[in-house]
Amino acid sequence: MKVFSLFAAFAAVAAAAELVIDPTEEYECDRPSKKGDTIHVHYTGTLLDGKKFDSSVDRGMPFSFTLGGGQVIKGWDEGLLNMCIGDKRTLTIPPEYGYGNRNMGPIPAGSTLIFTTELMGIKGVTKPDPLVPKPKASETDDSEAPKQTTTIPAESAASTESGEATVSTDLFFHDRQYPSSSSVSSTSSASAAVSSSTSS
25 MKVFSLFAAF
35 AAVAAAAELV
45 IDPTEEYECD
55 RPSKKGDTIH
65 VHYTGTLLDG
75 KKFDSSVDRG
85 MPFSFTLGGG
95 QVIKGWDEGL
105 LNMCIGDKRT
115 LTIPPEYGYG
125 NRNMGPIPAG
135 STLIFTTELM
145 GIKGVTKPDP
155 LVPKPKASET
165 DDSEAPKQTT
175 TIPAESAAST
185 ESGEATVSTD
195 LFFHDRQYPS
205 SSSVSSTSSA
215 SAAVSSSTSS
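Note that the numbering used here has the sequence shown beginning at 25, numbered continuously upward.
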(Lines of atoms letter the chains of each structure in order from A and count residues from 1; the text may use other names and numbers.)
(Lines give C-alpha, C1' and ligand atoms only; values in the text may rest on other atoms or scores of the structure.)
Protein backbone atom coordinates (compact mmCIF):
# COMPACT_ATOMS: atom_id res chain seq x y z
CA MET A 1 0.00 0.00 0.00
CA LYS A 2 2.88 2.37 0.83
CA VAL A 3 4.47 1.64 -2.55
CA PHE A 4 1.21 2.55 -4.32
CA SER A 5 0.92 5.79 -2.32
CA LEU A 6 4.50 6.77 -3.13
CA PHE A 7 3.97 5.91 -6.80
CA ALA A 8 0.82 8.04 -6.88
CA ALA A 9 2.67 10.91 -5.23
CA PHE A 10 5.58 10.80 -7.67
CA ALA A 11 3.22 10.41 -10.63
CA ALA A 12 1.30 13.48 -9.53
CA VAL A 13 4.48 15.53 -9.33
CA ALA A 14 5.78 14.28 -12.67
CA ALA A 15 2.52 14.80 -14.55
CA ALA A 16 1.75 18.35 -13.48
CA ALA A 17 1.11 20.52 -10.50
CA GLU A 18 -2.13 18.94 -9.31
CA LEU A 19 -3.78 18.52 -5.96
CA VAL A 20 -4.45 14.79 -5.61
CA ILE A 21 -7.23 13.72 -3.23
CA ASP A 22 -7.11 10.01 -2.43
CA PRO A 23 -9.93 8.73 -0.17
CA THR A 24 -8.60 5.91 2.02
CA GLU A 25 -11.64 5.39 4.27
CA GLU A 26 -15.15 6.72 3.61
CA TYR A 27 -18.41 6.73 5.56
CA GLU A 28 -22.05 7.53 4.80
CA CYS A 29 -23.46 10.81 6.08
CA ASP A 30 -26.21 13.34 5.43
CA ARG A 31 -23.98 16.34 6.04
CA PRO A 32 -20.44 16.40 4.61
CA SER A 33 -17.99 19.24 5.19
CA LYS A 34 -18.52 22.42 3.21
CA LYS A 35 -17.02 25.87 2.86
CA GLY A 36 -17.52 27.93 6.01
CA ASP A 37 -17.59 24.93 8.39
CA THR A 38 -15.32 24.82 11.42
CA ILE A 39 -13.78 21.38 11.11
CA HIS A 40 -11.54 19.34 13.40
CA VAL A 41 -8.88 17.31 11.59
CA HIS A 42 -6.13 14.93 12.62
CA TYR A 43 -3.23 14.97 10.17
CA THR A 44 0.34 13.88 9.59
CA GLY A 45 2.44 15.77 7.07
CA THR A 46 5.44 14.31 5.26
CA LEU A 47 7.71 15.22 2.38
CA LEU A 48 7.93 13.00 -0.72
CA ASP A 49 10.90 11.17 0.83
CA GLY A 50 8.70 10.19 3.79
CA LYS A 51 10.28 12.61 6.29
CA LYS A 52 7.60 13.73 8.77
CA PHE A 53 7.49 17.46 9.47
CA ASP A 54 4.36 17.72 11.65
CA SER A 55 1.53 15.68 13.13
CA SER A 56 -1.53 16.58 15.20
CA VAL A 57 -1.74 12.87 16.05
CA ASP A 58 1.61 13.13 17.87
CA ARG A 59 0.24 16.04 19.92
CA GLY A 60 -3.02 14.19 20.65
CA MET A 61 -5.21 17.10 19.59
CA PRO A 62 -6.98 17.65 16.25
CA PHE A 63 -6.39 20.91 14.40
CA SER A 64 -9.46 23.16 14.04
CA PHE A 65 -10.03 25.81 11.38
CA THR A 66 -12.69 27.33 9.12
CA LEU A 67 -12.81 25.44 5.83
CA GLY A 68 -12.47 27.65 2.77
CA GLY A 69 -11.64 30.69 4.89
CA GLY A 70 -8.02 31.10 3.79
CA GLN A 71 -6.68 30.13 7.23
CA VAL A 72 -4.84 27.13 5.80
CA ILE A 73 -2.94 26.25 2.66
CA LYS A 74 -5.08 26.03 -0.47
CA GLY A 75 -4.54 22.26 -0.67
CA TRP A 76 -6.38 21.88 2.65
CA ASP A 77 -9.16 24.34 1.82
CA GLU A 78 -9.95 22.37 -1.35
CA GLY A 79 -8.83 18.89 -0.35
CA LEU A 80 -10.97 18.60 2.79
CA LEU A 81 -14.31 19.57 1.22
CA ASN A 82 -17.19 17.06 1.03
CA MET A 83 -15.87 14.77 3.76
CA CYS A 84 -18.05 12.87 6.21
CA ILE A 85 -17.01 12.64 9.86
CA GLY A 86 -14.64 9.69 10.12
CA ASP A 87 -13.46 9.93 6.51
CA LYS A 88 -9.74 9.60 5.87
CA ARG A 89 -7.90 11.03 2.87
CA THR A 90 -4.37 11.30 1.63
CA LEU A 91 -3.68 14.68 0.03
CA THR A 92 -0.74 15.12 -2.33
CA ILE A 93 -0.23 18.87 -2.38
CA PRO A 94 2.03 20.52 -4.97
CA PRO A 95 3.85 23.77 -4.10
CA GLU A 96 1.16 25.81 -5.89
CA TYR A 97 -1.37 24.55 -3.33
CA GLY A 98 1.08 24.57 -0.41
CA TYR A 99 4.00 26.81 0.51
CA GLY A 100 5.20 27.70 -2.98
CA ASN A 101 8.85 28.61 -3.38
CA ARG A 102 9.42 29.46 0.27
CA ASN A 103 11.52 27.60 2.81
CA MET A 104 9.38 26.79 5.84
CA GLY A 105 11.69 25.36 8.51
CA PRO A 106 12.12 21.65 7.65
CA ILE A 107 10.06 22.10 4.46
CA PRO A 108 12.30 23.08 1.52
CA ALA A 109 11.08 25.60 -1.04
CA GLY A 110 9.08 24.05 -3.86
CA SER A 111 8.14 20.94 -1.86
CA THR A 112 5.25 18.65 -2.66
CA LEU A 113 3.58 17.66 0.61
CA ILE A 114 1.77 14.47 1.57
CA PHE A 115 -0.89 14.73 4.27
CA THR A 116 -2.78 11.81 5.75
CA THR A 117 -5.96 13.31 7.21
CA GLU A 118 -8.98 12.21 9.22
CA LEU A 119 -12.07 14.36 9.74
CA MET A 120 -12.81 14.12 13.45
CA GLY A 121 -15.73 16.52 13.58
CA ILE A 122 -17.69 19.41 12.10
CA LYS A 123 -18.87 22.12 14.49
CA GLY A 124 -22.64 21.88 14.90
CA VAL A 125 -22.89 18.49 13.15
CA THR A 126 -23.60 15.36 15.19
CA LYS A 127 -21.27 12.45 14.53
CA PRO A 128 -23.22 9.51 13.10
CA ASP A 129 -23.46 6.59 15.50
CA PRO A 130 -22.53 4.09 14.36
CA LEU A 131 -20.33 5.14 11.45
CA VAL A 132 -21.53 3.28 8.35
CA PRO A 133 -18.81 2.61 5.75
CA LYS A 134 -19.61 3.56 2.16
CA PRO A 135 -19.91 0.47 -0.04
CA LYS A 136 -16.76 -0.17 -2.04
CA ALA A 137 -16.98 -0.25 -5.83
CA SER A 138 -16.38 -4.00 -5.80
CA GLU A 139 -19.40 -4.48 -3.50
CA THR A 140 -21.78 -2.56 -5.76
CA ASP A 141 -20.31 -3.44 -9.15
CA ASP A 142 -18.89 -6.70 -10.46
CA SER A 143 -16.21 -4.88 -12.42
CA GLU A 144 -12.83 -4.28 -10.87
CA ALA A 145 -13.09 -0.50 -10.92
CA PRO A 146 -9.99 1.30 -9.65
CA LYS A 147 -10.25 3.38 -6.49
CA GLN A 148 -11.33 6.90 -7.38
CA THR A 149 -8.97 9.76 -6.76
CA THR A 150 -9.57 13.39 -7.58
CA THR A 151 -7.00 15.67 -9.18
CA ILE A 152 -7.33 19.43 -9.33
CA PRO A 153 -4.89 21.21 -11.69
CA ALA A 154 -3.12 24.21 -10.24
CA GLU A 155 -4.30 27.47 -11.72
CA SER A 156 -1.68 29.63 -13.37
CA ALA A 157 -2.73 32.44 -11.04
CA ALA A 158 -1.69 30.31 -8.09
CA SER A 159 1.95 30.30 -9.17
CA THR A 160 4.19 31.57 -6.42
CA GLU A 161 6.94 32.45 -8.86
CA SER A 162 5.01 35.59 -9.78
CA GLY A 163 5.29 36.76 -6.18
CA GLU A 164 1.51 36.94 -5.82
CA ALA A 165 1.15 34.22 -3.20
CA THR A 166 1.57 35.24 0.41
CA VAL A 167 2.04 33.23 3.57
CA SER A 168 -0.04 34.73 6.34
CA THR A 169 0.66 32.42 9.25
CA ASP A 170 2.55 29.27 10.06
CA LEU A 171 0.99 25.87 10.81
CA PHE A 172 3.92 23.68 11.65
CA PHE A 173 6.26 25.56 13.95
CA HIS A 174 4.76 25.69 17.42
CA ASP A 175 7.70 27.41 19.10
CA ARG A 176 7.14 30.66 17.25
CA GLN A 177 4.89 33.41 18.54
CA TYR A 178 2.41 35.16 16.27
CA PRO A 179 0.08 38.11 16.77
CA SER A 180 -3.31 36.98 18.01
CA SER A 181 -5.99 36.76 15.39
CA SER A 182 -9.71 36.18 15.71
CA SER A 183 -9.48 33.82 12.75
CA VAL A 184 -7.20 31.41 14.60
CA SER A 185 -8.93 28.61 16.46
CA SER A 186 -8.12 28.52 20.17
CA THR A 187 -9.11 24.86 20.42
CA SER A 188 -5.92 23.61 18.80
CA SER A 189 -2.39 23.57 20.17
CA ALA A 190 -1.17 24.16 16.65
CA SER A 191 -0.56 27.62 15.29
CA ALA A 192 -2.88 28.74 12.51
CA ALA A 193 -2.32 27.02 9.20
CA VAL A 194 -0.77 28.63 6.20
CA SER A 195 -2.72 30.67 3.73
CA SER A 196 -1.59 30.55 0.14
CA SER A 197 -3.95 33.21 -1.13
CA THR A 198 -3.44 35.05 -4.37
CA SER A 199 -4.37 38.60 -5.15
CA SER A 200 -7.33 39.01 -7.45
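If you are wondering where the hints come from, they were derived from the structure by calculation, not from laboratory data.
Keep in mind that the hints are not guaranteed to be accurate.
[Claimed, not checked] Dumping the calculated EDC-like pairs for lysine to aspartate or glutamate here, alpha-carbon to alpha-carbon at most 16 Å: (1) 158 / 42; (2) 112 / 49; (3) 112 / 102; (4) 151 / 82; (5) 59 / 102.
The hints, checked one at a time:
{"no.": "1", "hint": "158 / 42", "result": "violated (26 Å)"}
{"no.": "2", "hint": "112 / 49", "result": "holds (5 Å)"}
{"no.": "3", "hint": "112 / 102", "result": "holds (15 Å)"}
{"no.": "4", "hint": "151 / 82", "result": "violated (23 Å)"}
{"no.": "5", "hint": "59 / 102", "result": "holds (9 Å)"}
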